[in-house]
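Student: With chain S's structure known, arrange chain V on it following the hints.
The listed protein sequences derive, respectively, from chains S and V.
With our numbering as the guide, the letters of the first sequence map in order to residues 275 to 467.
With our numbering as the guide, the letters of the second sequence map in order to residues 48 to 264.
FYI, nobody ran anything at the bench for these hints, they're computed from the structure.
None of the values given here were measured: they were computed from a predicted structure.
Using N, Cα and C, we set each Cβ at its ideal position, and we do this for glycine too.
Each hint should be verified, as a subset may be incorrect.
Unchecked claim - As a list, the in silico DSS-like pairs of lysine-lysine whose alpha-carbon atoms are at most 27 Å apart:
id, chain 1, residue 1, chain 2, residue 2
1, V, Lys247, V, Lys69
2, V, Lys65, V, Lys247
3, V, Lys247, S, Lys432
4, S, Lys369, V, Lys120
5, V, Lys120, S, Lys368
6, S, Lys310, S, Lys432
7, S, Lys310, S, Lys401
What the hints assert, rightly or not - Which bits of chain V does chain S cover? Going by a derived footprint, with three or more residues having C-beta under 8 Å, they are:
id, segment
8, 94-102
9, 246-258
As the list claims (entries may be wrong) - To give an idea of the interface, some chain S residues facing chain V are shown, with a C-beta separation under 8 Å as derived from the structure:
id, residue
10, Tyr297
11, Thr322
12, Leu349
13, Asn400
14, Gly404
15, Ala446
16, Val457
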Amino acid sequence: MNGDPLWSIFINACLINNFVLAYFLGICPFLGVSAKLATATRMGGAVTFVMLVSSACAYGIQLLLVAIDTPYLRLISFIAVIASTVQLVEMFIKKVSPGLFRALGIFLPLITTNCAILGLALFQTNKGYGFVQSIVYALGAGAGFTLALVLMAGLREKLELAAIPGVVRGAALALMVAGLLSVAFMGFAGLGG
Amino acid sequence: MPRSVPRAQSLSTDEFIKGLWKENPVFVQVLGMCPALAVSNTARNALAMGLATLFVLLMSNAVISSLRRFIPKQVRIATYILVIATFVTIVEYMIQAISLELYRALGAFISLIVVNCLILGRAEAFASRNTVGRSVLDGLGMGVGFTLALLCLGAVREVLGNGSLFGVQLFHDGFQIWVVMILPAGGFFTLAGWLLLFAKLQERRAGRRSLADEVAR
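Isolated chain S (complex conformation) (with noise of 0.2 Å):
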């Protein structure tokens, strides 16, 4: 069991080792749906609530494979739960809100495949966090996913606007503006412990 305090957790997912910035999750859907502001920031809120919801199976996962003693169904077993997590979330927000349904669309399946997801298990897993500390940290890799999403969005309408070379547009000027967001998050290294 690991000792950390909650907001000392919070704060380290969220800005000092932000998934996106600093551990590099999350890559795909972070150049490709950071074009315009409001998707991106639906897709901060489905990516942050799968999270929660993993976070918390993986626990109970890690508990259970202790507990038989088969470490090395692992990888297998937190997958195929993130994969069915996405499907019930899927399933279950089509039930209740078919106008939020549409208003994800194709985003919502691929999240299975967003390593910011099984990295978030990994990671809690290793670090060895109880379950209270799990939430806390998916939370905050949620909200640190969200937030590196919207600054790069309202950056990314603003260059819409300006003259930019050809060659430069599209995937090259997008990890420019990234690398220059990692450098402004490296500022916040000391904040924690």
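Tutor: Just chain V now, kept in the frame of chain S:
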């Protein structure tokens, strides 16, 4: 009859060659960015990561293409992910057995090969529709292309950020290292630079082709 043999051969080498340059997974298709950026801070880590991905890609392509008639369409993605996860677990234990130091340096990113969109992408787009031989060649080509791309990133970052290549010091003591290149931001900048180079090359080739068309007219 004598014509068909070389044609079949050239088709097979095409499957291999296309992954290296024309459809390079990182520089042209922009797939599998997360591991490409995260572990390319030294050339050695980049090479190890590339080889691990190559192995998983090769094995999963072979297994999926040989099972492609038995996998029901509705559960194919889940099946692919389970096959990939099995091979990633094997690689994880193999790296741990070969070098503990390397295992620590790569950390959770070995496990994260599972969600590398490149591997799932090749399984869905190629291995599920082609014969075992072609799928193996495709996996080999894409894997080598990915390794080369990772090596390009890792070499630039290590030379500038640490003044060395594969751990061998290249410069005199007076060389001022670019610390930013080792940090996460350096990964973004280096990849952006390589993408720019590729975009420029492609633009030049397209420009030359249209010029040639005009001259022909």
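Student: If you test the structure against every hint from before, which numbers come out violated?
Tutor: The structure conflicts with hints 7, 8, 11 and 14, although it agrees with all the remaining ones.
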